[in-house]
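Asker: Construct all of the structure, not just a fragment, from the sequences and the given hints.
Read top to bottom, the protein sequences are chains A and B.
Take the first sequence: its position 169, counting from 1, is numbered 168 in numbering that gives the first Met the number 0, and each next residue is one higher.
Take the second sequence: its position 335, counting from 1, is numbered 334 in numbering that gives the first Met the number 0, and each next residue is one higher.
A hint or two may mislead.
What the hints assert, rightly or not - What follows is a set of in silico ranges between Cβ atoms, one per label pair, in the way DEER data are often shown:
#1 A:ARG190 to B:ILE296: 37 to 43 Å
#2 A:LEU20 to B:VAL306: 50 to 56 Å
#3 A:LEU53 to B:ILE296: 53 to 59 Å
#4 A:LEU21 to B:ILE116: 34 to 40 Å
No lab work stands behind these hints, which were simulated from the structure alone.
For each residue, glycine too, the CB sits at the ideal point set by N, CA and C.
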Amino acid sequence: MNNELTVKHLLNSLKKHRSLLLICLILFFVFFLFKANTYVPIIKVNTSIIVNNLDNEDDLKNKVLSIMRSKTMVKTLYEQFDSGGNYYDFSLMLKRRLSIASARYSKVIHLSFKGLDEAQSRSILNGIINNIDILNEEVGLSSQKPLVTIIDEPYVVEENVKETKIKIVVINTLAVMLTLIAGLLLFEYIRFYVNEDRLNI
Amino acid sequence: MILSDLFNFSFLLILLIFICVKMKLSRNIFILLLGHLVLVFFLNYFLFDPFLFGDQFQYLSAVIHIRSGLFNFLQVSGSLKMHISALLMSLPPVPFLDSIYALSMANVFVFIVTFLILLKNNVLKGFNKMFYLLYPSLALYSALALRDMIITCFMLLSVYFISKRRYFFSIIAALPLILIKIQNILIYVLSFFVFFVFFKTKGVFVKVVAITSFVIFFMIFKDSFSIEAINLARTGMFYENMKTVQGAASIGSELVIINNYVDLFKLGFESMFSFIFKPLIWQARNPLQLVQSFENIFVGWVIFRLVYLKVKHKINSDLIRFLLVYTIIAFGLYGMVVFNYGTAVRYKFPFVIVFVTFFYYELVRIKPSLRGKPIFFFWRDKK
Numbered sequence: 000m001n002n003e004l005t006v007k008h009l010l011n012s013l014k015k016h017r018s019l020l021l022i023c024l025i026l027f028f029v030f031f032l033f034k035a036n037t038y039v040p041i042i043k044v045n046t047s048i049i050v051n052n053l054d055n056e057d058d059l060k061n062k063v064l065s066i067m068r069s070k071t072m073v074k075t076l077y078e079q080f081d082s083g084g085n086y087y088d089f090s091l092m093l094k095r096r097l098s099i100a101s102a103r104y105s106k107v108i109h110l111s112f113k114g115l116d117e118a119q120s121r122s123i124l125n126g127i128i129n130n131i132d133i134l135n136e137e138v139g140l141s142s143q144k145p146l147v148t149i150i151d152e153p154y155v156v157e158e159n160v161k162e163t164k165i166k167i168v169v170i171n172t173l174a175v176m177l178t179l180i181a182g183l184l185l186f187e188y189i190r191f192y193v194n195e196d197r198l199n200i
Numbered sequence: 000m001i002l003s004d005l006f007n008f009s010f011l012l013i014l015l016i017f018i019c020v021k022m023k024l025s026r027n028i029f030i031l032l033l034g035h036l037v038l039v040f041f042l043n044y045f046l047f048d049p050f051l052f053g054d055q056f057q058y059l060s061a062v063i064h065i066r067s068g069l070f071n072f073l074q075v076s077g078s079l080k081m082h083i084s085a086l087l088m089s090l091p092p093v094p095f096l097d098s099i100y101a102l103s104m105a106n107v108f109v110f111i112v113t114f115l116i117l118l119k120n121n122v123l124k125g126f127n128k129m130f131y132l133l134y135p136s137l138a139l140y141s142a143l144a145l146r147d148m149i150i151t152c153f154m155l156l157s158v159y160f161i162s163k164r165r166y167f168f169s170i171i172a173a174l175p176l177i178l179i180k181i182q183n184i185l186i187y188v189l190s191f192f193v194f195f196v197f198f199k200t201k202g203v204f205v206k207v208v209a210i211t212s213f214v215i216f217f218m219i220f221k222d223s224f225s226i227e228a229i230n231l232a233r234t235g236m237f238y239e240n241m242k243t244v245q246g247a248a249s250i251g252s253e254l255v256i257i258n259n260y261v262d263l264f265k266l267g268f269e270s271m272f273s274f275i276f277k278p279l280i281w282q283a284r285n286p287l288q289l290v291q292s293f294e295n296i297f298v299g300w301v302i303f304r305l306v307y308l309k310v311k312h313k314i315n316s317d318l319i320r321f322l323l324v325y326t327i328i329a330f331g332l333y334g335m336v337v338f339n340y341g342t343a344v345r346y347k348f349p350f351v352i353v354f355v356t357f358f359y360y361e362l363v364r365i366k367p368s369l370r371g372k373p374i375f376f377f378w379r380d381k382k
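Answerer: Okay, structure coming up:
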């Protein structure tokens, strides 16, 4: 008896269970087809602002960014939008759903918020923009007034639902398939060593 | 919900099983490597909030951008250093790099590949193999979406080539550090220079080349070597740590400014020892730091034992001299500028892993009877 595990041995074990794998593949494919049809699209709202650099302050954009990313901004938004919820959950939700980006030498800042509710997403983005000047007055980071101008009013970015549904079906089915294969290989690996131990005893 | 993380995990698990079978690795090693892969899911969102290591998300967005194919290095927004790191992190064959778990799995892949390279070249055997697989800080940082594993990989490779006396390849392996962690390459170059000029036993020509190269390097990076630069880094990191209540409470004293090279050497020497044990048990402010303080005692003990064995058996070699110089300079410099305990552990672990791996390798290579010698305890083996 060959007492060494080889890649060929593992592949043969997969071959042995191919019917089981095929049945599972079909079952999970059907399951994810149904699952994809119940998919609720996530609404993404985008907006762009430009920093008004009239005072010729070189790092004015960074000051605006630091105001937007500050804890005071999160607290202000929490007081304005979240009635009764947990502050920690709200700040975590903002961190996960809000993205603020800007190219290195550009004065334009892009904001994006992902949520299930279009009105809430719009109002949070508007809230951030409106609070910039109010918070700047409190901390006095710059004498510039107003600090920013809106270029694009918050608009909804249409998600390609069809593409997402295809991804759900294809990637999820393949993920389950690979997990089954990995499980089978792991099972063969463990079984081989258990048998080997028994032989050694 | 798209199960891309499950896809990545299964893909890497299949790869790991095939590698272990093909390379005839023992099942204990397989279990430990599998443990590293599974650990990815037990850190972020489980043991702690991923925003504790907030830069994970910066690396993730940069990696997604790079993998999308729309990335242009000429129009980089943000730090170039971060994007170069992200470029290297996007290379491992993880199918969907779209979450911090996926990026962490890419790091575990780098960890496994580095392990296999060192194992197949007979560097890891006995104690250092177990140390590599069980060192908690390495396990932690290799299972997070950070660049530290990539840095460790380049550092290990560069010292590996020194151990084989292929100095040119060592420099080539260390070069990417210029782009991702410039402090580490400065420490490497400084150690290389000190080693060649003061400790290398033979070769006048090599010494001349070393001095010339160092002078050229010094001219290029003289701003990074100056006392002003060290003071600037010290001040920056001191006040960054003071921002937190815990940090301010833990420091409790004023920042000492370095005035000249005498101050520099004096403070460097003092900081070196504190850096090994930072944070001490009574300095720990959270459970993670408490675990790290115990780990520091363990690491300090291992380093002491390895050096003790070297002295006891009168073992000397170029690699051992280089490793001592490298570690002393690294711990001295980092000890001077790092005040945050978490950052200290993060900056220290690549040097610890390099030191223990290659110091033990060299001890065993020169004196094979040391292989069965206990590292943790003083008692002698029964004959």
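Asker: Now look at each hint and say whether the structure bears it out.
Answerer: For each hint, the structure was consulted:
no., hint, verdict
1, A:ARG190 to B:ILE296: 37 to 43 Å, "41 Å, holds"
2, A:LEU20 to B:VAL306: 50 to 56 Å, "55 Å, holds"
3, A:LEU53 to B:ILE296: 53 to 59 Å, "58 Å, holds"
4, A:LEU21 to B:ILE116: 34 to 40 Å, "38 Å, holds"
Of the hints listed earlier, there is not a single one the structure fails to meet.
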